[in-house]
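Line order of the protein sequences matches chains A and B. Per numbering that gives the first Met the number 0, the first sequence starts with residue 0, numbered consecutively. Per numbering that gives the first Met the number 0, the second sequence starts with residue 0, numbered consecutively.
There could be a bad hint or two in this list.
Claimed, not checked - Under 8 Å between C-beta atoms, here's a sample of chain B residues computed to sit facing chain A:
{"no.": "1", "residue": "42"}
{"no.": "2", "residue": "222"}
{"no.": "3", "residue": "264"}
{"no.": "4", "residue": "265"}
{"no.": "5", "residue": "269"}
{"no.": "6", "residue": "270"}
{"no.": "7", "residue": "303"}
Honestly, the hints are just simulated from the structure, not real lab data. Beta carbons: idealized from backbone N, C-alpha and C, even for Gly.
Number of protein chains: 2
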Amino acid sequence: MITLEDVRGAAGRLAPHIHRTPVLSSGSLDRLLGRELLFKSEHLQKTGSFKVRGALNAALQLGGPRGLVTLSSGNHAQGVAFASRVLGVPCVVVMYEDASETKKAAVRSYGAVVVDEGVSRLNGEERVRTIAEERGFHYIHAYDDPHVMAGQGTQALEFTEQTGAPDAVLVAVGGGGMISGIATVIKTVWPETRVIGVEPEAGDDTRRSLLAGERIRLEAPPRTVADGVQTMMPGALTFPVVQKHVDEVLAVREESIVEAQRLMMRHLKQVVEPTAGLPLAPLLEGAELPQRLGLFVCGGNWLP
Amino acid sequence: MITLEDVRGAAGRLAPHIHRTPVLSSGSLDRLLGRELLFKSEHLQKTGSFKVRGALNAALQLGGPRGLVTLSSGNHAQGVAFASRVLGVPCVVVMYEDASETKKAAVRSYGAVVVDEGVSRLNGEERVRTIAEERGFHYIHAYDDPHVMAGQGTQALEFTEQTGAPDAVLVAVGGGGMISGIATVIKTVWPETRVIGVEPEAGDDTRRSLLAGERIRLEAPPRTVADGVQTMMPGALTFPVVQKHVDEVLAVREESIVEAQRLMMRHLKQVVEPTAGLPLAPLLEGAELPQRLGLFVCGGNWLP
């Protein structure tokens, strides 16, 4: 469990290094969907995603590591690479061999070394631990780490300072790092606000886990356009927070995610990645949702 | 000729109806191109483009027209349709028959009637004048109108209030409405700042006209991805302003325009239309430009 104080501490630690991102809205989109929509815009964050918050908050509490290492084919990789630059230490990112060259190039552009030869979903975790042991580098997990969870919560802390309480907030759910941080803040500051997670139907491990009362593992990595939430199981540390603070998790269809991304680009004129469409997607499927909604936009690392 | 006072008047008239758009920047893009780039962001304007400024400024000075009519297959059409809603009068937009259905739908979404049957580049102007005469509607020209020019200048007036003087500003050039308004403001407020127009090589009628000392007409409509600047000749009213206030006009290749748009989406995370890539394009061709640059982003009506 993490507390609002952990998130406050993280916010102070991060402030010199990252952006306070704006809350955006679109009158035409509000009219189209019949809601008041407030978009907390982490696609405008350093590295193009909120992930830098958690990675850097963890890195800043290590007391001078020799280097950083992580396993990620997405935004967390750039977050850790950014953190290593802040610390002035080397960084290794283990990426699956079949990850796109664009993503590998993005990670290298932050000065990290990419290790990908022979790396698969079966041996990735092991490769990271080997590098961590052999080189004495610190492994920053993408979500199952209290410092990472507290860091991700700082976007919600900013949001509570930027606007009045919405009726509900909607948050994409992967391993649970983002929603556990956000839910901790929202339920402490605005106890009346509902916290709603959103997963692709293809990868609804957290929804199933909540229904089962225990962590359920999918049989295979989910095939979804929302490539930021392709985890197979909620985290051991994040899941209890989700159980405590999240009111419900909705699952949405692939075409709703794509249409949500398109609507955000068309009306907000913002470049967002498919995964950032998740919080808006339930509105396109007629989900019963209250009037005033906060939506957390996770990232903008996508090129048309 | 228009003056700074005309633009100030327009700004007061427009203020209750439109956005004051932000000036955006990107540290990573600045590092990549070795400049300080300030993007005046009219893709975030009402209707998704600066064109609403000129159209509405003209409409607000008509003293109760029966209706508005214009000829446009682009952002000016939406600007005039928006203006008609502010005035509460009907609006007819004459569009070329081969304009995209998406653009026609966008104009209809603002409540305007689209007339397109049998409309071509040969008879479009005549069709507008017929509608104007028969129905008593006022024809708002897309650029060759002092009220339109003054309205477009208001984006530059805001820019001068939002930042310090850059070494140069870069502005896309079509018929000359935008650059004549902007140049009037910049050269009055910041006489030391260079005003540089940018055209596609495929449609460099203004550059040729400046060299010739008189208005040159292209033999055919330019074929360019920058569909907001497909005029064949500078305006009769705009050209003298361009001659007086614009330091030079550069022409850029199609691939530079596309790459500029891509860079703006990647680094600023903003959805901009191809024509909005024009001001950035000369930097990708190694043009000799000073250090601190203001770039006017004309619009964001584009969908990946």
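Of all the hints given earlier, name the ones this structure violates by number, lowest first.
2
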